[in-house]
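**Student:** Now for the letters of each chain:
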Amino acid sequence: MVRAMEKYIRPGVGVTPFCPGCGHGILMHSILRAVDESKLDMKKMLFVSGIGCAAWIPSPQFDGDTLHTLHGRALAFATGAKLYNPGLCVMVVSGDGDLSSIGGNHLIHAARRNIDLKVICANNMIYGMTGGQAASTTPKGSKTSTTAGGNPYRPFDLCRLVEAAGATYVARYSVTQPVALAQSIQKSLHHVGFSFIEVLSPCPTQYGRRNRLGRPEDMIQDLIRRCILEEEAKGLTERERAEGIITGEFLS
Amino acid sequence: MPSKWIKTPFPKGSHYLSGNEAAAEGAIAAGCRFYAGYPITPSSEIMERMASRLTEVGGVFIQMEDEIASISAVIGASWAGAKAMTATSGPGFSLMQESIGYAAFTETPCVIIDVQRAGPCTGQATKVGSGDIMQAKWGSHGDYQVIALSPWSVQEMHDVTLQAFNLSERYRIPTLVMAEEAIGHLRENVSIRSKVEVWSRKKKKGAPPFGTGEEDGVAPMPAFGEGERLLVTGSTHDALGFRKTDDPTAHATLVNRINEKILKNRDGIIETEAYFLEDAEVAIVSFGFTARTSLYVVHLLRKEGMKAGMLRLKTLWPFSQEAIQRLGKGVKKVLVPEMNLGQVAGEVTKYCSCDVIPLGQTDGEIIQPEKILEMMRRIQ
Chain A
1 MVRAMEKYIR PGVGVTPFCP GCGHGILMHS ILRAVDESKL DMKKMLFVSG
51 IGCAAWIPSP QFDGDTLHTL HGRALAFATG AKLYNPGLCV MVVSGDGDLS
101 SIGGNHLIHA ARRNIDLKVI CANNMIYGMT GGQAASTTPK GSKTSTTAGG
151 NPYRPFDLCR LVEAAGATYV ARYSVTQPVA LAQSIQKSLH HVGFSFIEVL
201 SPCPTQYGRR NRLGRPEDMI QDLIRRCILE EEAKGLTERE RAEGIITGEF
251 LS
Chain B
253 MPSKWIKTPF PKGSHYLSGN EAAAEGAIAA GCRFYAGYPI TPSSEIMERM
303 ASRLTEVGGV FIQMEDEIAS ISAVIGASWA GAKAMTATSG PGFSLMQESI
353 GYAAFTETPC VIIDVQRAGP CTGQATKVGS GDIMQAKWGS HGDYQVIALS
403 PWSVQEMHDV TLQAFNLSER YRIPTLVMAE EAIGHLRENV SIRSKVEVWS
453 RKKKKGAPPF GTGEEDGVAP MPAFGEGERL LVTGSTHDAL GFRKTDDPTA
503 HATLVNRINE KILKNRDGII ETEAYFLEDA EVAIVSFGFT ARTSLYVVHL
553 LRKEGMKAGM LRLKTLWPFS QEAIQRLGKG VKKVLVPEMN LGQVAGEVTK
603 YCSCDVIPLG QTDGEIIQPE KILEMMRRIQ
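Taken in order, these protein sequences are the chains called A and B.
Per this note's numbering, residue 1 is the first one in the first sequence, and the count goes up by one each step.
Per this note's numbering, residue 253 is the first one in the second sequence, and the count goes up by one each step.
The set of hints was computed from the structure by calculation and includes no laboratory data.
All values reported here derive from a predicted model rather than from experimental measurement.
Hints are not guaranteed to be accurate.
Stated by the list, open to error - DSS-like, lysine-lysine: derived pairs with alpha carbons at most 27 Å apart:
1. K44(A) x K455(B)
2. K7(A) x K496(B)
3. K555(B) x K602(B)
4. K456(B) x K7(A)
5. K44(A) x K454(B)
6. K43(A) x K456(B)
7. K496(B) x K259(B)
8. K559(B) x K581(B)
9. K496(B) x K555(B)
10. K44(A) x K457(B)
11. K259(B) x K43(A)
12. K559(B) x K43(A)
13. K43(A) x K455(B)
14. K457(B) x K7(A)
15. K513(B) x K43(A)
16. K44(A) x K456(B)
Claimed, not checked - Just some of the chain B residues that point at chain A, by a computed CB distance under 10 Å:
17. F286
18. I320
19. I323
20. A332
21. G333
22. V448
23. S452
24. A475
25. E478
26. E480
27. T485
28. L492
29. F494
30. M558
31. K559
To be verified - Computed footprint of chain A on chain B, listed as stretches where at least three residues anywhere in the stretch have a Cβ under 8 Å from a Cβ of chain A:
32. 311–319
33. 350–359
Yeah, the Cβ is synthetic: ideal placement off N, Cα and C, and Gly gets one too.
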């Protein structure tokens, strides 16, 4: 059972490129589980990614067609491929900086068009690959290599952003909720239209160690503590809501 | 080789078209079935015509959010199997450069038409220029090749665009049509033939998509969804597409190959046209709209008795160094008039053994014949 997803891994790929404690391995497994349970043919799947740690989830690991593009442009490349060959099931897997900062314009326009792309945004709240700089998703007050005194700005609420732009399936889960995450990805695979799943994934290497969460389990525990389901959040005060991370399906 | 004659989807005969409209028809005739673009003067008529024509021939048109998205969508569609194109002008061409590098490095066929306007920056959006010639070759970082063509008539906007697709498919390379506003907005009769020769990318099931096994250095190219489980990346990669980001040999091999496949085939790519060069003592090297004016001047000078000639560069990149070397041995002086401050003149100087006199002009206007005439009389 442990190696049940190995059939979806490209022959010749030995190890994952992720740091110890990175959440992207769990996300990778959740995607493959969703593909497996949906009984999709990998030969008809195209995985498009941008630049950054999360962009390495499908490329070269997944044994389908993969298009590893430029920083921020994954959605534009994916739009071209999907429009020309609508028979492809096109999933975009990339990070928060790639999709919402340098690629933010493509994100809102792809959502506006409601084009049939399954977007998985791995949000580690920081630029991991380049050494831990602040991102458009870094929480206010967090320390990064470019905000030593704490991030002075608010982060994006990506789910509300894409919902307002016109996405038709929107959800947020953490890798600490792997079952719900895999089910959500499975739903997005069957959804017709622009789907967006924000996946909180810990980065102890770049985020945790600067924010008193240096050990991998510290970040996992922090996510478990803060992630609350949308239903549970209803009775909370504004302050309690702000401290937590509200997860669940927001639009389906 | 994968070329065949196909019926053109536009009625044969003579049509009165603008250069931009003719370019769109050339693309459709070549088999272009995907267009992504963003409005920009003076190229927008290409996008408008593609929007309606692609609907008629069963292709896909999309207006993207910017030029970066446009060229990126074109590359995505090309890997999905499409002959794909975008068109733009200076500022948009600048934005596209990173993706053009991606297309060169991943050997993605695609066509970009740059209807050049007076730059730099926003410059004069409705006025003519020819200042993007060096950017066409060197606009993206690193060492790579493109093919860049220079049409001089509305007929050639049609024919050269068609040819751009053929070269792009044959060599798996981004191919640029370096048009100018004066040609894009000119109206002339265009002769449409009933059949045209069209090339399509090679296909070979199971062959490495970035391999070196082919004699011409161009690997077969499968499409997404064909079961080949493609691995396409803008990082340094091996023949199968696996990332090789810390292997010096892999990087050198790949960079050399994408350059060599064009440079070693350049005899089959480069086209020049010679006018009165057999006995010429003074020659004009010219391209694009300016070549029309230059040829007119050569005719006038011949009537005056001056042994003037012209070499027209139909291909700008790869550069016609052999033709320039031959020219330099046969004439005493070469004049290079162009609507920039000497971009092609600099390149001519590199290969020409005789005196090269640049005649640059950047006022947003075409170069008048009197100016070239006077300069030719002065230098003879």
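**Student:** Give a verdict on every hint.
**Tutor:** Each hint tested on the structure:
1. K44(A) x K455(B): holds, 19 Å
2. K7(A) x K496(B): Answer holds: K7(A) to K496(B) is near 24 Å, not above 27 Å.
3. K555(B) x K602(B): violated, 32 Å
4. K456(B) x K7(A): holds, 25 Å
5. K44(A) x K454(B): holds, 21 Å
6. K43(A) x K456(B): Since the Cα atoms of K43(A) and K456(B) sit roughly 17 Å apart, the hinted pair holds (cutoff 27 Å).
7. K496(B) x K259(B): violated, 44 Å
8. K559(B) x K581(B): holds, 15 Å
9. K496(B) x K555(B): violated, 62 Å
10. K44(A) x K457(B): holds, 16 Å
11. K259(B) x K43(A): Violated: K259(B) and K43(A) sit about 34 Å apart, past 27 Å.
12. K559(B) x K43(A): Since the Cα atoms of K559(B) and K43(A) sit roughly 65 Å apart, the hinted pair is violated (cutoff 27 Å).
13. K43(A) x K455(B): holds, 18 Å
14. K457(B) x K7(A): With Cα atoms ~22 Å apart, K457(B) and K7(A) stay inside 27 Å; holds.
15. K513(B) x K43(A): Violated, because 30 Å separates the two Cα atoms, which is more than 27 Å.
16. K44(A) x K456(B): holds, 19 Å
17. F286: holds, 5 Å
18. I320: holds, 6 Å
19. I323: holds, 8 Å
20. A332: Given a least distance of 4 Å, the restraint on A332(B) holds.
21. G333: holds, 7 Å
22. V448: The hint is violated - V448(B) has no Cβ within 10 Å of chain A, the shortest such distance being about 22 Å.
23. S452: violated, 15 Å
24. A475: holds, 8 Å
25. E478: At about 8 Å, which falls below the 10 Å cut-off, the nearest Cβ of chain A leaves the hint on E478(B) intact, so it holds.
26. E480: holds, 7 Å
27. T485: Given a least distance of 4 Å, the restraint on T485(B) holds.
28. L492: Holds - the Cβ of L492(B) comes within 10 Å of chain A, reaching about 8 Å at its closest.
29. F494: Constraint on F494(B) satisfied, holds at 6 Å.
30. M558: violated, 52 Å
31. K559: Interface hint status for K559(B): violated (52 Å vs cutoff 10 Å).
32. 311–319: Since three or more residues must qualify, the claim that chain A covers the segment 311–319 of chain B holds, with 5 doing so at under 8 Å.
33. 350–359: holds (count 3)
Checked against the numbered hints above, the structure violates hints 3, 7, 9, 11, 12, 15, 22, 23, 30 and 31; every other hint is satisfied.
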